[in-house]
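Engineer: As a plain string of letters, each chain reads:
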Amino acid sequence: MALVIQPYRVEHEAAVAEFNRRLQSASSDPSFVFSQSSVPRWLPPGNDNTVWNEFYVAVDGSSPESAVRGVYALKQEALFVRGKGVQRIACYHHPLSEGIVDRSFTSVGMLLARDALARQPFLYALGMGGAETPIAKMLKALGFTLTPIPFHFRVVHPVKFLREMQALREKRWRALLMDIAAASGTGWLAIKALQAMKSSATGIANTASEEIGEFSAWADELWNAAKETVNAATVRDARTLKLLYPENYSSPIASTRRLRISRNGSAIGWAIIGVRRKDAKFGTMRVGSIVDCWAMPNDANALIGAATRALEKDGVDLIVSNQSHHSWCSALEKNGFLKGPTNFVLATSKKLTELLQPFEENRALLHFTRADGDGLPVNF
Amino acid sequence: MASDIFGVPAAKLTGESSPETVESWDSVQHLNLVLAIEEKFGLQLDPEEIEQMKTLGATATLIDSKLQPSS
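These protein sequence lines map, in sequence, to chains S and H. Each step along the first sequence adds one to the number in the working numbering, with nothing skipped, and position 170 is 170. Each step along the second sequence adds one to the number in the working numbering, with nothing skipped, and position 12 is 12.
Derived by calculation from the structure, the hints in this document are not laboratory data. Some hints here could point you the wrong way.
Claimed, not checked - Taking lysine-lysine pairs in the DSS-like style, the calculated list, with each CA pair at most 30 Å apart, reads:
#	chain 1	residue 1	chain 2	residue 2
1	H	K66	S	K350
2	S	K137	H	K40
3	H	K40	S	K351
Kindly generate the complete structure, drawing on both the sequences and the hints.
Structural biologist: In structure tokens:
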């Protein structure tokens, strides 16, 4: 085997299709599939884009058909670091190795990761399903620092939550208790009371929320005003936001909306909200998500409040959010969100972690959300 | 080294041991093996050399060849 890891070009498309077929036929995991097109559908490179995706393939020169044995993607973007300016970084995402289904290719996974790191030493990965998954363990072995991103949730319809939250109903006795709580009304009372007890949001007076088609200059003003309140955040100026949330982008699986929140006519922040794709752990519940947000810290309460009301109007049963910055975590809690266990993890390479030093002190001032990472609307 | 990394008694490992015969030899442990070799022997393994590490025997041969002084 003589693997050459190189940019994914149109001449590799047939081999990638075959790679996908081999992975799919040997595994029951529907996520083991890479882009059939060598050109990213979302965030393609070019046209002076500030953020774009690049695809890479590991081609096996020893196979007669130049088989592809591994793939990965890099989302190239800019990171603002307080006191240090803007640094180009990349997110390592969607790595897939034939080693997942054929152990004779066990070395491919680490070769992909090392290749990505060589191309961009300021590298991160996000999500990964938790710190104990193979990808997270591999990155940790490569010297990455793993940081869990807090998860918060707010139950809108308690009875449905009790009956449908499959992640909590795995044990029979627990499922029975939840059914009893749902049928008797005690569950409804307990959840509503708990969320009400936690609510203490202020600063929401005189605010208005509107759905907008696209971001413009007002978003630049907000970016510039609030960026000094974080230790680091991927750039969220108007130009980048237009790329991340293009007006006509649609997905058959999930939806996103842009909210602009104003006070006395002036924009104080924005939020990206949406309804998540169907997920077995949530049963038949419609799950809304506060995907991303931006505002000065003392406007976070108002922003979360507005986003929550918009999602409740959409008729969702549950609202979730992953936010790393303590101001947003606090705002979620003040709006009655409860903290839950998280499997959403940030992994930062050695060089990137050094850039963010002192890391332990700065951890709660990093602004990473579900919009970071592969950030695909389908994946939040 | 392999015994520690894979959690398998050394007596059960041979030159023919590979990811196909050692259940715990997955991609993460393969990386750990590479990193351990690089650290212990002061080597830097390139992708082609890492691909050659298909068995413990092949890995030992690789290490030997890298440690031989070049003529």
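Engineer: If you draw a straight line from the CA of K66(H) to the CA of K350(S), is it 30 Å or shorter?
Structural biologist: 27 Å, holds
Engineer: Need the status of pair K40(H), K351(S): alpha-carbon distance at most 30 Å?
Structural biologist: The hint holds at about 23 Å.
Engineer: Straight-line Cα separation of K137(S) and K40(H) no greater than 30 Å?
Structural biologist: Distance of about 21 Å is within 30 Å: holds.
The structure shown violates none of the earlier numbered hints.
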